[in-house]
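This is what each chain is made of:
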Amino acid sequence: NAGVTQTPKFQVLKTGQSMTLQCAQDMNHEYMSWYRQDPGMGLRLIHYSVGAGITDQGEVPNGYNVSRSTTEDFPLRLLSAAPSQTSVYFCASSDPTGGYGYTFGSGTRLTVV
Amino acid sequence: EDKVVQSPLSLVVHEGDTVTLNCSYEVTNFRSLLWYKQEKKAPTFLFMLTSSGIEKKSGRLSSILDKKELFSILNITATQTGDSAVYLCAVEAAYSGGGADGLTFGKGTHLIIQP
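Chains A and B, in that order, give the protein sequences.
The letter at position 68 of the first sequence is residue 68 when you use my numbering, and the numbering goes up by one with no holes.
Take any residue in the second sequence, note its place counting from 1, add 113, and you have its number in my numbering.
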């Protein structure tokens, strides 16, 4: 039981490049979400999904796309990277009826130069 | 807009001391309040609180929620150097369809335990 797996762990992009951050969970959780963590700002919600085929925007969605074709996977796409997207990205999943909170992946540290 | 305020933002104490971390919130359609511990990596789950006045305990850590006054506290007794971390408070709002629409986090309390 791996929990929530994020890849890659580190990435450096040039401004304007695109990339996909991968997130997979093996707990059969319906709910998945993406956060970014910046110094002094805490974690902020980017996008979330309450089940396969359903996604919605969080607090800071601009510049990011998501899709949810399966229960297990919830990739985050950066369409045209900007230095302001330099951050640590966390994926999380939860069972809303479980009472055990959200399980976070180990994070992806992204630097845009 | 949902809002979570944690205090203090940083705290330095000596091993063996007891600490109380505070979290106040404003949220539409409150569903739950969660506490996490973060040590330079992914946040790890501590507590999930949904009902007022019911204390949750895990070893030396305990937490309680007051839904009338909109705050929660996290207590750590007999602190150890391994308790040094950032403690995050988050609130979960109810989604219009009945589920959850994500977590709103506070900025965290950076706790340092000196030997």
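It is possible that some hints are incorrect.
Some but not every residue of chain B turned toward chain A, in silico, with C-beta under 10 Å [said to hold, decoys possible]: (1) E114; (2) R144; (3) S145; (4) W148; (5) F160; (6) T163; (7) S165; (8) G166; (9) I167; (10) E168; (11) K170; (12) G172; (13) S175; (14) E205.
So these bits of chain B aren't anywhere near chain A, every CB distance computed over 12 Å [unchecked claim]: (15) D115; (16) V117; (17) Q119; (18) M161; (19) F184; (20) T190; (21) D196; (22) V199; (23) D214; (24) F218; (25) K220.
Pairwise CB distance ranges, derived in the manner of DEER restraints [said to hold, decoys possible]: (26) B:Q193 to A:L79: 29 to 37 Å; (27) B:N188 to A:S80: 42 to 50 Å; (28) B:F158 to A:S80: 45 to 53 Å; (29) B:S175 to A:A82: 39 to 47 Å.
Since the hints were made in silico from the structure, they are not lab data.
These numbers come from a predicted model, not from an experiment.
Where a beta carbon is used, it is the ideal one built from N, C-alpha and C, also for glycine.
Hint-by-hint comparison with the structure:
1. E114: With Cβ-Cβ at 9 Å, under 10 Å, it holds.
2. R144: The hint holds - R144 of chain B has a Cβ within 10 Å of chain A, the shortest such distance being about 8 Å.
3. S145: S145 of chain B check passes; min Cβ-Cβ to chain A is 8 Å, inside 10 Å.
4. W148: 9 Å, holds
5. F160: 8 Å, holds
6. T163: 8 Å, holds
7. S165: Status violated, d = 16 Å.
8. G166: Result: violated, 17 Å to nearest chain A Cβ.
9. I167: 12 Å, violated
10. E168: 16 Å, violated
11. K170: 15 Å, violated
12. G172: Given a least distance of 17 Å, the restraint on G172 of chain B is violated.
13. S175: Violated - the Cβ of S175 of chain B stays beyond 10 Å from chain A, reaching only about 16 Å at its closest.
14. E205: 8 Å, holds
15. D115: 9 Å, violated
16. V117: Label violated. Min Cβ-Cβ 8 Å, cutoff 12 Å.
17. Q119: With a cut-off of 12 Å, Q119 of chain B comes too close to chain A, as the shortest Cβ separation is near 9 Å.
18. M161: Non-interface label fails for M161 of chain B: nearest chain A Cβ at 5 Å, not farther than 12 Å.
19. F184: Given that every Cβ of chain A is farther than 12 Å from that of F184 of chain B, nearest at about 17 Å, it holds.
20. T190: Holds, since 22 Å exceeds 12 Å.
21. D196: 19 Å, holds
22. V199: Violated, because the least Cβ-Cβ distance between V199 of chain B and chain A comes to about 9 Å, which does not exceed 12 Å.
23. D214: 7 Å, violated
24. F218: Answer for F218 of chain B: violated, closest chain A Cβ roughly 4 Å.
25. K220: 4 Å, violated
26. B:Q193 to A:L79: 29 to 37 Å: 45 Å, violated
27. B:N188 to A:S80: 42 to 50 Å: 46 Å, holds
28. B:F158 to A:S80: 45 to 53 Å: 35 Å, violated
29. B:S175 to A:A82: 39 to 47 Å: 43 Å, holds
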